[in-house]
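**Student:** Just need the whole structure built from these sequences, with the hints factored in.
As a plain string of letters, each chain reads:
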Amino acid sequence: MNPQRRTFLGRTVSFIASLPFFSFFKSQVTAREVSSTRVTSPAGDKARVVVLQREGMVRGDAVDINLAMKMVNEGVCHVTGNSLPSGAWRELFTPKDTVGIKVNCLGGKGVSTHPELVMAVVEGLRIAGVPDRNIIIWDRLTSELESLGFKINRQGEGVRCFGTDSNYDPNVEEVGAVGSCFSSILSRQCTTLINMPVLKDHDLSGVSLSLKNLYGAIHNPNKYHDNNCDPYIADLNSHPLIRKKLRLIICDGITGMYNGGPGFKPQGSWPFQGIILSRDPVALDRVGCEIIEAKRKEKGLPGLKEVGRDPKHIMSAFKKGLGIGDMKRIEVVKG
Amino acid sequence: MKNFCNRREFLREISSGVCALSLSSGFTTIENLLNAGPAYGAEPPLKEAMFYKKLEDVRIECEICPRACKIADRERGYCGNKENRRGIYYTLIYAQACAVHNDPIEKKPLFHYLPGTNALSIAAAGCNFECKFCQNWQIAQFRPEQVDSYPLTPEQIVKMTKDQGSPTIAYTYSEPVVFYEYMYDTARLGRSQGIGSVMISNGYIKEEPLVELCKYLTAVKVDLKAFTEKFYKETCSGELKPVLDTLERLKKIGIWFEIVVLIVPTLNDSEKEIREMSRWIKERLGNDVPVHFTRFHPMYKIKNLPPTPVSTLERARKIAQEAGIHYVYIGNVPGHEGEHTFCPGCKKIVIKRTGFFILENHVKGGKCSFCNYPIPGVWEKPQAIQPKKL
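Chains as they are written, first to last, in our numbering: chain A, 21 to 355; chain B, 1131 to 1520.
It is worth saying that the hints were derived from the structure and are not from the lab. Please note: incorrect hints may appear among the correct ones.
The list that follows gives simulated cross-link-like pairs (lysine to aspartate or glutamate, DMTMM-like), each with its CA atoms no further than 20 Å apart [to be verified]:
1) K1200/B <-> E1338/B
2) K319/A <-> D1187/B
3) K66/A <-> D346/A
4) K319/A <-> E1186/B
5) K1292/B <-> D1315/B
6) K1363/B <-> D246/A
7) K1262/B <-> D330/A
8) K1262/B <-> E1364/B
9) K1363/B <-> E194/A
10) K1448/B <-> D1418/B
11) K1431/B <-> E194/A
12) K1431/B <-> D189/A
13) K1360/B <-> D246/A
14) K1431/B <-> E193/A
15) K317/A <-> D1187/B
16) K1200/B <-> E310/A
17) K1433/B <-> E75/A
18) K339/A <-> D65/A
19) K1200/B <-> D246/A
20) K1433/B <-> E1510/B
21) K1497/B <-> E1510/B
22) K1433/B <-> D65/A
23) K325/A <-> E1444/B
24) K1363/B <-> E1406/B
25) K1433/B <-> D189/A
26) K325/A <-> E1186/B
27) K1482/B <-> E1444/B
28) K1200/B <-> E1369/B
29) K1262/B <-> E1406/B
30) K315/A <-> D1187/B
31) K1262/B <-> E193/A
32) K1262/B <-> E326/A
33) K332/A <-> D346/A
34) K348/A <-> E310/A
35) K1371/B <-> D246/A
36) K1431/B <-> E1364/B
37) K1200/B <-> D330/A
38) K1262/B <-> E194/A
**Tutor:** This is the structure:
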């Protein structure tokens, strides 16, 4: 898409948004049941990962919400193989779902899931007919969500947003080398999960993408830092609470970090201005990791393995059957 | 874009979403989603941690325990209660107590330390081990924000201890090594006012902080979880060697300490292991160190094993006695003969206990009142000392 065409599209969308009767289209959306949680590509045993980048996604400190929404809708169309956003969202979610959107707030405002991008996802869920009260934006701590600018809403009308805080399940769930109490938001409130990590380097696990973001769903992630967090990350993601509920991953790559994570460091970040989507957490992490490695190479930095931060958890997750880690079997759709 | 919509259809689809965002009343809008309100759940004030060094790239290395966590900005150590914030390592649980009780000192257990007195016992969230049989996992294996804690300053703790007439403060339940700063300041203040301090610990602490802390402690209890690296690694996520080092350092420092060995059926109860452990204690620490073999109850991640048979504890006690250790106890079996202190000289019971209660005490001036045989321990209340200037 050339810049003129993009500008035109953006202006048109903005204009259309101002016309009241266009809300009609929302009412045309009808729901249907989603029967499976397919992680592979519509094409078969390949996984599909969608990488969308747009200049102008951020202007100053502000994310262009209209552009973000357009990209998210385009992305879910590619992910599902559906030609229309309405069909794509309805393939993924139903009005009966309670959808947890797991964001990542750890990096502070510099490198965390942007509220504007989350809002774009909320709009998609509305297209699928998911009631606002059935949408929960969450992370570990309410205070962290609040510090990013999310408005906290535990019980009121509308989209809910709060942290797990001290509300973990009372019983320890053991899976592989991991034994943890899960966030009750994930275990008791959500029926489905959208994972919204950020595109970043990590001091221990090499990268923090889709798989690592679920460390924020357990009470004791600090116990699983040894050996580059391997096999712990893969073990955690194999738990049915995650494996069965995970429906979609949308990685916030508005700002990427190629070095110095997980806390934000301007000198280790770059404006990737994009999002990465998939239904396959392993494939998404594999592609995200390649993006980070390529940026490190471009900046003259050694590879993650060379600096003792081999993100081996991705291949461990592949070996556990949590998704596809072989690049030959990953279809990358760029736009 | 195979099977995808044309531009017009796509535009229409996107527009509907935009319209919903912009126009729908009663829905959450971006303005509603974004916060404009007051801060929620304000954090308690932070205190900079002791014993860490700064590394490059805003990273730090913790020097409190042998784990020596290297921690990036915004990350926490294994204990979960200290965090690197822009290159400064902070404790998140300073003056935040998650448990406060006035316990009999026998509950710690310390049997040769002011018998029959109480210790104001406090804890803060976190631990540098993850024992699969953790008896206090609801506070030791959680992070501070996941546990109910209450502001309680060192000054308030010392005052409470004095008000309750207890001679001692115990740092216990979770792992005091990971709330070192809180323990250190409290012990130092208490010592200046004639209040003793005892650390109930796994002994997983580096030499420098241990030596510094012992200036203000009056006794230490160390859990010797087993006598194999395998057990420490697989069951506790730790190492045996540093714990043995700590025990030898305590001996060298000259502070009173006792050892507890929780016997877990099939995991650390072999005759060979108990014998080797007893021999090591006798050779390296001497035969006057009390050793408590205590009964395991199924808990946390080990729920598939039964409570330790009393006969197993009795066998362990016999092995340790045969190795020459004078004071060998059985714990968590109220009413058992192994709760009493026997004089090595005349073999009579010099302190008779049941559970946490003292029934008879025949130790006078640190000696058996029957035969004058010296009984080691802390029998006098600590004197007030002025804290050293650091």
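**Student:** All hints are to be evaluated individually against the structure, with a verdict given for each.
**Tutor:** Cross-check of the supplied hints:
1. In summary, the hint linking K1200/B to E1338/B is supported, as the alpha carbons are separated by about 18 Å, within the 20 Å threshold.
2. A C-alpha spacing of about 16 Å is found between K319/A and D1187/B, which places the hinted pair at or below 20 Å, so the restraint holds.
3. At roughly 9 Å between alpha-carbon atoms, K66/A and D346/A fall within 20 Å of each other, so this suggested pair holds.
4. Distance hint between K319/A and E1186/B is fulfilled; the C-alpha atoms sit about 19 Å from each other, no more than 20 Å.
5. This hinted pair checks out: K1292/B and D1315/B have alpha carbons roughly 16 Å apart, not beyond 20 Å.
6. For the given pair, K1363/B sits about 12 Å from D246/A by alpha-carbon distance, which is consistent with the 20 Å threshold.
7. With a CA separation close to 28 Å, the supplied pair K1262/B and D330/A exceeds the 20 Å bound.
8. Pair hint K1262/B plus E1364/B holds up; C-alpha atoms about 9 Å apart against a cutoff of 20 Å.
9. Distance hint between K1363/B and E194/A is fulfilled; the C-alpha atoms sit about 18 Å from each other, no more than 20 Å.
10. The suggested pairing of K1448/B with D1418/B holds, with an alpha-carbon distance near 16 Å, which does not exceed 20 Å.
11. A C-alpha spacing of about 8 Å is found between K1431/B and E194/A, which places the hinted pair at or below 20 Å, so the restraint holds.
12. Only pairs whose Cα atoms come within 20 Å are accepted, and K1431/B paired with D189/A is accepted, the gap being roughly 15 Å.
13. Between K1360/B and D246/A, the direct Cα distance comes to roughly 17 Å. Compliance with the 20 Å bound is thereby established for this hinted pair.
14. Between K1431/B and E193/A the CA atoms are separated by roughly 9 Å; this keeps the pair inside 20 Å, and the hint holds.
15. Restraint check for K317/A and D1187/B: the C-alpha separation of about 19 Å stays at or below 20 Å, so the hint holds.
16. A threshold of 20 Å between alpha carbons decides the hint, and for K1200/B with E310/A the separation of about 26 Å lies outside it, so the pair is violated.
17. Distance check on the hinted pair: K1433/B and E75/A sit about 56 Å apart at the alpha-carbon level, beyond 20 Å; violated.
18. At roughly 15 Å between alpha-carbon atoms, K339/A and D65/A fall within 20 Å of each other, so this suggested pair holds.
19. At roughly 11 Å between alpha-carbon atoms, K1200/B and D246/A fall within 20 Å of each other, so this suggested pair holds.
20. With a C-alpha separation of about 41 Å, the suggested pair K1433/B and E1510/B falls outside the 20 Å cut-off, and the hint is violated.
21. Simply put, K1497/B and E1510/B have alpha-carbon atoms about 12 Å apart, close enough for the 20 Å limit, and the pair holds.
22. At most 20 Å may separate the alpha-carbon atoms for a hinted pair to count; K1433/B and D65/A exceed this at roughly 41 Å.
23. With a C-alpha separation of about 52 Å, the suggested pair K325/A and E1444/B falls outside the 20 Å cut-off, and the hint is violated.
24. This hinted pair checks out: K1363/B and E1406/B have alpha carbons roughly 19 Å apart, not beyond 20 Å.
25. Under the criterion of a C-alpha separation no larger than 20 Å, the hint pairing K1433/B with D189/A is consistent with the structure, at around 17 Å.
26. A distance of roughly 19 Å separates the Cα atoms of K325/A and E1186/B; the hinted pair therefore holds under the 20 Å criterion.
27. Taking the CA atoms of K1482/B and E1444/B, the gap is about 18 Å. The hint holds against a cut of 20 Å.
28. Taken as a hint, the K1200/B and E1369/B pair is honoured in the structure, with Cα atoms around 18 Å apart against an allowance of 20 Å.
29. The suggested pairing of K1262/B with E1406/B is violated, with an alpha-carbon distance near 23 Å, which exceeds 20 Å.
30. Of the pairs offered as hints, the one joining K315/A and D1187/B holds, with about 18 Å between alpha carbons and a cut-off of 20 Å not exceeded.
31. Between K1262/B and E193/A the alpha-carbon distance is near 13 Å, which keeps this suggested pair within the 20 Å criterion.
32. Between K1262/B and E326/A the alpha-carbon distance is near 34 Å, which puts this suggested pair outside the 20 Å criterion.
33. A distance of roughly 13 Å separates the Cα atoms of K332/A and D346/A; the hinted pair therefore holds under the 20 Å criterion.
34. Note on K348/A and E310/A: the hinted pairing holds, with a Cα-Cα distance of about 13 Å set against a maximum of 20 Å.
35. Restraint check for K1371/B and D246/A: the C-alpha separation of about 19 Å stays at or below 20 Å, so the hint holds.
36. Proximity of K1431/B to E1364/B is assessed by CA-CA distance (about 12 Å); at most 20 Å being required, the pair is judged to hold.
37. Restraint check for K1200/B and D330/A: satisfied, since their Cα atoms lie roughly 16 Å apart, inside the 20 Å limit.
38. As the CA atoms of K1262/B and E194/A are separated by approximately 11 Å, the hinted pair is consistent with the 20 Å bound.
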